[in-house]
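Asker: Here is what each chain is made of, one letter per residue.
4 protein chains.
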Amino acid sequence: MQIGFIGLGKMGGNMVRRLTKAGHQCHIYSDDPAERAALAAETGAVAADRLAALVAGMEVPRTLWLMVPAGKITQGVIDDLVPLLAPGDSVVDGGNSYFKDSVARAQVLAKKGLSFIDCGTSGGLYGLERGYSLMIGGDDAAVARNAPIFASLAPGIALAPRTPARENGPIAPGEEGWLHCGPPGSGHYVKMIHNGIEYGMMQAFAEGFALFASASADTVPEQYRYRLDLAAIAEVWRRGSVVSSWLLDLGADALAENPDLSAYSPRVADSGEGRWTVIAGVEQGVSVPVIAASLFERFSSHDDAAIDARMLSALRAKFGGHKGVPAANSSKG
Amino acid sequence: MQIGFIGLGKMGGNMVRRLTKAGHQCHIYSDDPAERAALAAETGAVAADRLAALVAGMEVPRTLWLMVPAGKITQGVIDDLVPLLAPGDSVVDGGNSYFKDSVARAQVLAKKGLSFIDCGTSGGLYGLERGYSLMIGGDDAAVARNAPIFASLAPGIALAPRTPARENGPIAPGEEGWLHCGPPGSGHYVKMIHNGIEYGMMQAFAEGFALFASASADTVPEQYRYRLDLAAIAEVWRRGSVVSSWLLDLGADALAENPDLSAYSPRVADSGEGRWTVIAGVEQGVSVPVIAASLFERFSSHDDAAIDARMLSALRAKFGGHKGVPAANSSKG
Amino acid sequence: MQIGFIGLGKMGGNMVRRLTKAGHQCHIYSDDPAERAALAAETGAVAADRLAALVAGMEVPRTLWLMVPAGKITQGVIDDLVPLLAPGDSVVDGGNSYFKDSVARAQVLAKKGLSFIDCGTSGGLYGLERGYSLMIGGDDAAVARNAPIFASLAPGIALAPRTPARENGPIAPGEEGWLHCGPPGSGHYVKMIHNGIEYGMMQAFAEGFALFASASADTVPEQYRYRLDLAAIAEVWRRGSVVSSWLLDLGADALAENPDLSAYSPRVADSGEGRWTVIAGVEQGVSVPVIAASLFERFSSHDDAAIDARMLSALRAKFGGHKGVPAANSSKG
Amino acid sequence: MQIGFIGLGKMGGNMVRRLTKAGHQCHIYSDDPAERAALAAETGAVAADRLAALVAGMEVPRTLWLMVPAGKITQGVIDDLVPLLAPGDSVVDGGNSYFKDSVARAQVLAKKGLSFIDCGTSGGLYGLERGYSLMIGGDDAAVARNAPIFASLAPGIALAPRTPARENGPIAPGEEGWLHCGPPGSGHYVKMIHNGIEYGMMQAFAEGFALFASASADTVPEQYRYRLDLAAIAEVWRRGSVVSSWLLDLGADALAENPDLSAYSPRVADSGEGRWTVIAGVEQGVSVPVIAASLFERFSSHDDAAIDARMLSALRAKFGGHKGVPAANSSKG
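Protein chains in written order, with this note's numbering: chain A, -11 to 321; chain B, -11 to 321; chain C, -11 to 321; chain D, -11 to 321.
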């Protein structure tokens, strides 16, 4: 089917590639003329030089897929796009928007006869080849109309063996790699929690490998000083262990290339979704200690001269005459 | 090759099955005559009715593999076994022993000319078919001599696609699913950290699904009240998402069978290994907030009438006249 | 000076008592005729039977102090009150309102020429005698005009010895127990963080005493089985130790009355302020692991049959055939 | 009474001063001739130039108080001292030794007819004037014989008002600031937990003040950008608030001297006791999330280039092409 794509970066570009390969007709737009021209040349997609031209070149009812940064940029594109659309058109936000924003946007668009679909999209750079895991919120009719797009972007059932308890049953929702989760907002909500879980899993691996890596430090008690091959451990765990996972596969690759990970920054960015998941826990009264701890570790990784640590030093100095550890002396510095 | 197997429970029995299928000659022993007779009948293994008979029936140098509960039971078997062995024999502890105990045992056995090999074994009930991920500590010669056993128990390289950074290289240690990690103790050490990571990953999933499940509670703010199909979400994540993992596969299976997980206890046991991993973090000075939080959640799951919560209620009553929430009134009770 | 008081519960009633004792003229109102009559009889305050009568009975510029539950009730009183007031009047919210709400209310009132003052009030039941620690947000003129009220409610400088670094200096802001923190919202903001810290301190004590109390459990290793007198420990710490604090004083009192705290519920309520403090950390990118953990422990204290624990049990059952600990068997059940 | 004091540093020196002021006859020894001479000159204590001379100069039964660093140094002094003593003598370890070591030492000394007393000592630099909170483990007779020493070192009942529930009762154990907790080891055990609680309280304050301090960062959302006077907030909380405490008094002093705490190191040392408290939680199966988080924050404060953060960056780079935040760009760098 025909689809309009706005935002042709790392994610959006690959999604257009995957869709054209599947036979869909993509109309594309991004702010960068060179980017859209190159993608059009590569894929046969129709590039437009303005949003209005993108919309005008499509048949109604249209589907416009946004793959742009969450927050102000997404809102700006929606503000520009909505006046160009006609009742019956759909707007899909495939980015990492806050689900509360998506609920609000769906309400605004519904008043104009437009369907808003929020589509949480997981898969990253590997999605081009493997397909994307899609978590979709929206009204039934709009989601149904766009099912061919979702089916082409998703990996399909064969990417994983069927779950034993489902082996003899019909194909259930979700098994093909895309899921209509519920009303608008629910797609981004499920994606938000997905990313919260991802934070926790990543931090669990990070802690485990840190325990291995610390073995070479002089400060570590003798009995822990195993000289371990972290990359080899990642490999052995990839086959048959309980922690085997896509994140472990990625870690194994990073360690194979760069065994001490010195090529990677010790400062870790956090997207909005980890923060929102913790807020969801707090607002729902659900205990999320692991996801919160994972988020806080990222905050701390930015923090070279934190007031909180200085406060601890100050209190210790005051009550016991302890001095803070001078920087030059720090155990891992 | 020939191998003696002691302990024929869920893990040990399947390992004997996998080894006989691979052509190894298994001599087996367990305390339970019916258990050993049934396994001998099924697999063609040679059952012994006493440890001494097991040992006497094997050719030197022997390998005796223990698959019995960690702690006192493992120690008891080793104490009974060692006097029966001859210099050059190997004892493999395939259980979840504390690595500090394994180091001590290796030292005791070495004085008698025996090799102690600690083999962390992951894979659980699925190992029979998939193979076991093996993390091995021991001296080079003993590990090399027993390599055929490890290779047969392990999944082999084909269980997972090769790591991209290794695709054109020779097969590296670990890629076949077993790894000689280092000297005695290192196998159980690596397995211990593996289980610590596993705790964190499990808790991350538990928190995420708890956020979904809470949506139906009246105490949850309106905007979070999505009625979500947890089993379908697990399916969609299994294909293409960042959190795809073996644990997710298992969770998807449990949710497909029992969507509200009511068949499972809300009280979660903890093995020694989660505890030891946290102690390793503390003793090494390595921050392990996620693994610790995961362990504490398991502790808390046992705790129906905790003094710590009562202390909080007492302090609140004292300073503000707050009353604790009566049990009948508890939000999720 | 003259002041109008709305809300005569545990906190409000004592504040009226303290203010009348200090010579201020209190006009009082609550929904409960008996409550306001009794307080008027006791203190000589002027009781009004309607909000309009309360306001009408006061001289301009008036100060109306609200001591009612945060959220909808506070908003309702403000909505009823504002139309009755005249430019130049002040409204003080002494409750535990969310600072974001206070900022919004101040903006609404400012448009009508009214001053909104948010006054975080700590001290609980002991405030009548000791005085209340007051954290105040509002415009300079309004705070200055109401300074006599704040000074009478606050404990005054003598409640604590002067801070050594200030001993020879002039009396600094805050030293008399009330502080103009900044513009509207800042008072409730400072109070919110105060309560977040309080959560962490309480949980720290709760954990420590739980370690003492657990010593009598059979599941605890031998070396920890000291039979300790928790109430006596609280006493010894009250004199000269680093943890001496008002919360410890309260804990010592609770333990003296009820050594095993069995009179107190193991379910601990959480007010909004702990939640908002964690959200503040998340939204500011500031790591608050202790305050978050304290909040989550309160959430968990309500949670008798949590899906998260069941998910852990399900995963364990799936991969290893582990069974959850049956309820009847739980170590502390 | 007569007492021998070994270790005349910050703590030991002040304890000798306090004891001589109370009329006790102190015999003193330290490795540093100038230190012991100066203290002897100041206090009238009898300085010895060797351990043997110290012991020889005292009447039996002797009490020797050790105030030296925990671990190897304490063990070394005990090893040197024991052969010099006679049955009936007491050795008091007033340092922060691990309670498990104290239990072992008591057993060794008991075989020689010596009493070992472990005395957890809180109060730091302020103890000289205020007295020390003493948590004591040992056999009844030895503790009773040394009661005059404990009573003089302790603050006495007047340091704090009596607990309301005890006001009309006899003076209970602990109320004078020293407590015989139980058999050997129990004193250091109670002190260990005390320090664990202290970690949690300190971290709670550190987090709260960090939230205030962050308000000036450009990365913080507008609504949190209150410019607050941290030192004034500490003052207002000192009078009448729920968080009033000795630690707050100390924090107020540090902030009054150095409002941005820039004089204090952001690297925070950890003593053994925080670590041991977390291990106690783990070994007892008691959830101690706040104490553990406090300890981990100290670990993290040392860690400028941690492998765990690099692992997070590596995983993010692998799955999404995210780059770590370059150091020069870090939000608080």
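Treat the hints as calculated values from the structure; they're not laboratory data.
Be aware that a few hints might be false.
[Claimed, not checked] Using 25 angstroms as the maximum straight-line C-alpha spacing, the simulated SDA-like pairs for lysine to any residue come out as follows:
| no. | chain 1 | residue 1 | chain 2 | residue 2 |
| --- | --- | --- | --- | --- |
| 1 | C | K60 | B | D206 |
| 2 | C | K99 | C | R154 |
| 3 | D | K(-2) | D | Y114 |
| 4 | C | K99 | D | E210 |
| 5 | D | K60 | A | A205 |
| 6 | D | K88 | A | V208 |
| 7 | A | K100 | A | G45 |
Remember, it's a predicted structure, so these values are computed and weren't measured experimentally.
Asker: Work down the list of hints and note, for each, if the structure agrees.
Answerer: Cross-check of the supplied hints:
With a C-alpha separation of about 18 angstroms, the suggested pair K60/C and D206/B falls inside the 25 angstroms cut-off, and the hint holds. Between K99/C and R154/C the alpha-carbon distance is near 41 angstroms, which puts this suggested pair outside the 25 angstroms criterion. At roughly 10 angstroms between alpha-carbon atoms, K(-2)/D and Y114/D fall within 25 angstroms of each other, so this suggested pair holds. Proximity of K99/C to E210/D is assessed by CA-CA distance (about 21 angstroms); at most 25 angstroms being required, the pair is judged to hold.
For the given pair, K60/D sits about 21 angstroms from A205/A by alpha-carbon distance, which is consistent with the 25 angstroms threshold. Proximity of K88/D to V208/A is assessed by CA-CA distance (about 21 angstroms); at most 25 angstroms being required, the pair is judged to hold. Between K100/A and G45/A the CA atoms are separated by roughly 21 angstroms; this keeps the pair inside 25 angstroms, and the hint holds.
Consistency with the previously given hints fails for number 2 only.
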